[in-house]
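Given chain H, put chains G and A in place with the hints provided.
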Amino acid sequence: MNADAIGRAVARMAREIVERAGRGAADLAVVGIRRGGVHLAERLRAEIARATGTRPPLGTLDIALYRDDLAERGRVPVVGPTDIPFPVQGRTIVLVDDVLYTGRTVRAALDELVDFGRPRRVWLAVLVDRGGRELPIAADFAGASVPASDGEDVLVRLTEGGAAEDVVVVMRRGS
Amino acid sequence: MSDTLFIEGGRVIDPASGLDGVRTVIVRDGRIAEVAERVERPREARALDARGKWVTPGFIDLHAHLREPGQEYKETVASGARAAVAGGFTAVCAMPNTVPPNDNTTVTELVLARAAAAGLARVYPVGCISRGQKGEDLAEYGELKAAGCVALSDDGKPVMSPALMRRALEYARAFGLPLAVHEEELHLAGAWSMNEGPVATRLGLKGTPAQAEEVMVLRDLALVELTGGRLHLQHLSTSGSVRALREARKRGLPVTAEATPHHLTLTDEEVARSGYDTDFKMNPPLRGEADVRALRQGLADGTIDCIATDHAPHAVEEKKLEFDAALNGILGLETAFAACLAMVREGALSEQRLVEALTAAPARIFGLPGGSLARGAPADVAVLDPALEWTCDTAALHSRSRNTPWKGRRLIGRCTHTLVGGRLVHQQGGGR
Amino acid sequence: MIGRHRHCIALEDYSREEILEVLDLALSMKEVLRRPLKKVPTLRGKSVVNLFFESSTRTRSSFEIAAKVLSADALNWTSTGSSVSKGETLLDTAKNLEAMRPDVIVVRHAASGAPAFLARHVRCSVVSAGDGAHEHPSQGLLDCFTIRERLGSLGGRTVTIVGDISHSRVARSDLHAMGKLGASVRVCGPPTMIPQGIDRLGATVFHDLESAVAGADAVVMLRIQHERIGDPLIPGTREYSRYWGLDVNKASEWLKPECLILHPGPINRGVELSSDVADGPHSVILDQVENGVAVRMAILYLLAGAGATAAGAPPEKATA
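Protein chains in written order, with my numbering: chain H, 1 to 175; chain G, 1 to 432; chain A, 1 to 320.
Incorrect hints may appear among the rest.
Pairs of lysine-lysine, DSS-like flavour, derived with a Cα cap of 27 Å [unchecked claim]:
hint, chain 1, residue 1, chain 2, residue 2
1, A, K38, A, K95
2, A, K68, A, K39
3, A, K180, A, K30
4, A, K180, G, K320
5, A, K95, G, K407
6, A, K38, A, K68
Stretch by stretch, here's where chain H covers chain A in the computed footprint (C-beta under 8 Å, at least three residues) [to be verified]:
hint, region
7, 26 to 32
8, 96 to 108
9, 300 to 308
Treat the hints as calculated values from the structure; they're not laboratory data.
Every residue gets a Cβ at the ideal spot worked out from N, C-alpha and C, and that includes glycine.
Bound-form chain H, shown alone (with noise of 0.2 Å):
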C-alpha cells in the first residue's frame, strides 16, 4: 500500500464509522494501541472530525502490562505510557491498530480498556488485516487486506513515525 492509498482508506473508514454511528456519533472515542496505532488514531480522528465537525476525545493504550505472553520471555517488555483521559463509560471506543495478526494484542488492550469502565460498545478498526488470527478476534474496520505467511513481517511506516513517505510493507522476517 503506498501513501495515497492510505490516506484515502483512512478516510473511508471514518466516514464508515461516522456512519455506523449514526446519532451516537457525539459518544464516539478514539483509543490507539501502542505503538503502531497511536499516529492512526491521530490520523482517524482528525478525519472523524472533519466528517462530524466535532473532534472525538483521544487515548493511547500500553498492553505490555497486559500481555498474555509474560511468561515465555526472558525479560519483560518495555512499559510504555497509557493515557485515557475521558471516562470510558458509555462511549462507542473506536480501538486503533495498525496490523491485525494473531489477535492476542487487541484481546490485550479490550481487558484493559474495561478495567477503565464499561464502554457501550468497542469497535476495531485496523489499517491492514493480514490474517493469521489466534483468537476469535475480527477488525469492524479494516483499511485493506494484506495476506501474509509465518514468516514474513507486514509493517507499516508513517510519516509521522520518521518514514520519508507513508508505506506498508511486506518483508521476510530477520532480512
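Only chains G and A this time, still in chain H's reference frame:
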C-alpha cells in the same frame, strides 16, 4: 640400630644458623645429626628427596586456638595439631580462651595430654592473664608455668584495666613468662564488625577505628616502661601500632610483636569484594592498604618479630550468618606458608626473613626449643615446595572447621613433608 | 536492570541507564495507580513474600500494595527480634520460605549485607527493603522519582541530605542514585554523624545547615533516632533540632522558593522538621509515599514480570 633419614637436595634455609644453601640434612634418633654439603648416604638409611624444595626448621606458631576443652565441635588439640603439621608447623601455642579457660593446672595438663596422644605437632599451652579471663584478678602464674604454660594471654579479649595490666606485667616477671596481649580499647572500638573506613561506610557496617588498637598498644608500652615486664603484642594490624612499636624499640623496650598472614596480605576491601563474606571477618579486622604496607615494612625491618596465624576455627552455623552476627575468626595453619610466600613474590619480604619469622623468631620470643636445624636439636623439620600450585579445597582441610578466606583460591607454595622429632607426621601428595 | 540483575539490593550496583529505566517504568505504574480500577493482571500467579525482620508498616504496606495492584499474591512474614535470638537462622528462615516457591522475597533486616547473603542462597529474586545502614534501594529510587517529577531531571541539581548519615541506608542509596543521575549531593550533620570516607562516595560534607541548603534544589531530611544506646552521637534532640532541624523560619530564609523537602518517614515532628514545614509548600513527603508504590511496582515488574512462576518450570535463561 639407628633410624637415620637423609633429606637430600633441598635448599636449607635456617636463619638461626645463618644458613641458606643446598645441603643434606641428616636426621638420626629424632635429632638433627648434621647438615652437610656433600655426604654419602649409606644404603640402610632412608632418603627424602627434597630437590627443588626448601628445607627449614619446623614452623612455630605463637598463636592458635585449638578450642579444646569445651568447643571440640570447632577443633580439637588433635585436629589442630594435624592441621598444623599439614601447614609445616611443628609447634603451636594453644590460646587459653577455651571452655573452661586455661587458668589452672587441669586444663593445661589436658591440653598437653591430648597433644601427646595425637603425636603430631608439639603443643605449648598458654595460660590466662586473669582468672577466667574476666580481667579482674591475676591467675596463678607459678602454677601455670609449672604445669607447662610458656606464656600468658587473655586473647580474645584485651586487659581493659591498666591497673591489672601493670600487676600482671610485674607478677609475670617472677616466673619469666611473657604476656601476649590482644590490644583493643573496647569502648572506643564499640560494637563493630569491620575496620572503620570508607569500605565500612560503603557497606553500611559498623567499623572499629585503627586507633582502638593503637591506644592500647601505647598504653601497654608505657606500662612496660613502668614495670620492665615482657610484652608480646599479638596480631598487630595497624600502621599506628607499628609506628608506636618502632619508636619504643628505639628506646630499648623489651617488646616483641607478631602479625598474621591475613593482616599482611588482605585489606578490608575484601569484605566488599566478596559481598559480605564472613570468612573475611576477624578480630582485629582487615585494615586498609596503608596498614598492610606498614605491617610488611615492619616485618621486613624486624619491628614486627614474627608471623603467627591466630588460627581461629568456627563452625558453619557460626559463620554462615549475616555479617554482623557471624563470629570473628578464620583458619590459618594450612594456608600460612602460601599466603606469606606471596609477599616474597611481590618483593616485600626476603625468603630468609620469611623463614626466620616463622622459625627462629617465634622460638626466641617465647623461649621455645626448636626453630633451628642446629646439630643436636630435635628434628622438627618442614620440607616445602615454594612453586607448588594447589587449590584450597575446604573439604580437604585437616582442620575440623572450614572458615578460611582462601577457600577455592589457587595458591602457590605448600608443605610437602613435616617431621616432628624425626618422625614423618605429614606428607602431601602432588599438587591439585 | 533489565536482563542483568536478578535482584534489587544496592543502587551502587546499578548504572545510570538502569536507574532511569526503573524511573521511566514507574511513571507508567503511577498512571495505573490513578485509574479507577487499580489493578493490572501482569503478575497474576506470581507471589511476593515480605520477609521483614525490622518492623515497618509503611514500607511493607507499600510493597504489599505494589504487589497486589500487579495482581501478584502478597504474603507477609514478619519476624521481630533477631533471627538468631529466636533460634532460627536467617538462612533457615529463607530456605523454608523458598520451599514455598515465591517469585520474589522482599527483605528488610537490621544487618547490612543480609539481602546479599539471602540472594546467594535462594533461587528467587531478592529485593532489599533496607539492610542495616547499607542501602534502601526502593527509597533511593522513589526519592529520585519524586525530585525528577517536580524538577524535570536531576542532572546539574544540588541535593542536600541532612541527618545521621552514618547510620542511614537512605542516605547511601540516595547518594548513589542521585550521583549517577548527575546531581551534586551534599551531606550535612554534626561531625559525629558523618561517616569516614563518605566523600569517596561523591558527597560534599557540611556541618552548617545554612550553607548546606543554600542553593539546594531539594533537601532530604532524615529521621534522627532517639533510640540510640551505648554510643550517643549527639547530646540530645534539643541541640540537634536547633542546629540541624528545619523550621518555618529557616525554611523561608535559607531555602530557594522552589526547593523541595523530602523525608523518608516517619517524621520526628519538632526534631528534624517542624510540623508547619512538614505540611508546608516545600514538602513533597506525601508524593514520596504515592511514588513509593509506583517505584516498587516497577521493581517487582522488572524482576518478576517475565518467565513462568517459580511454581512452574523455570525459564531457560533466568534473568529479569
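Against the structure, the hints:
1. A:K38 x A:K95: violated, 33 Å
2. A:K68 x A:K39: The hint holds at about 7 Å.
3. A:K180 x A:K30: Holds, because 23 Å separates the two Cα atoms, which is no more than 27 Å.
4. A:K180 x G:K320: violated, 33 Å
5. A:K95 x G:K407: Holds - the C-alpha atoms of K407 (chain G) and K95 (chain A) are around 24 Å apart, at most 27 Å.
6. A:K38 x A:K68: Measuring from Cα to Cα gives roughly 9 Å; hence the hint holds.
7. 26 to 32: With 5 residues in contact (Cβ-Cβ under 8 Å with chain H), the coverage given for the region 26 to 32 of chain A holds.
8. 96 to 108: Since 0 is below three, the answer is violated.
9. 300 to 308: holds (count 6)
Of the numbered hints stated above, those contradicted by the structure are hints 1, 4, 8, listed in ascending order.
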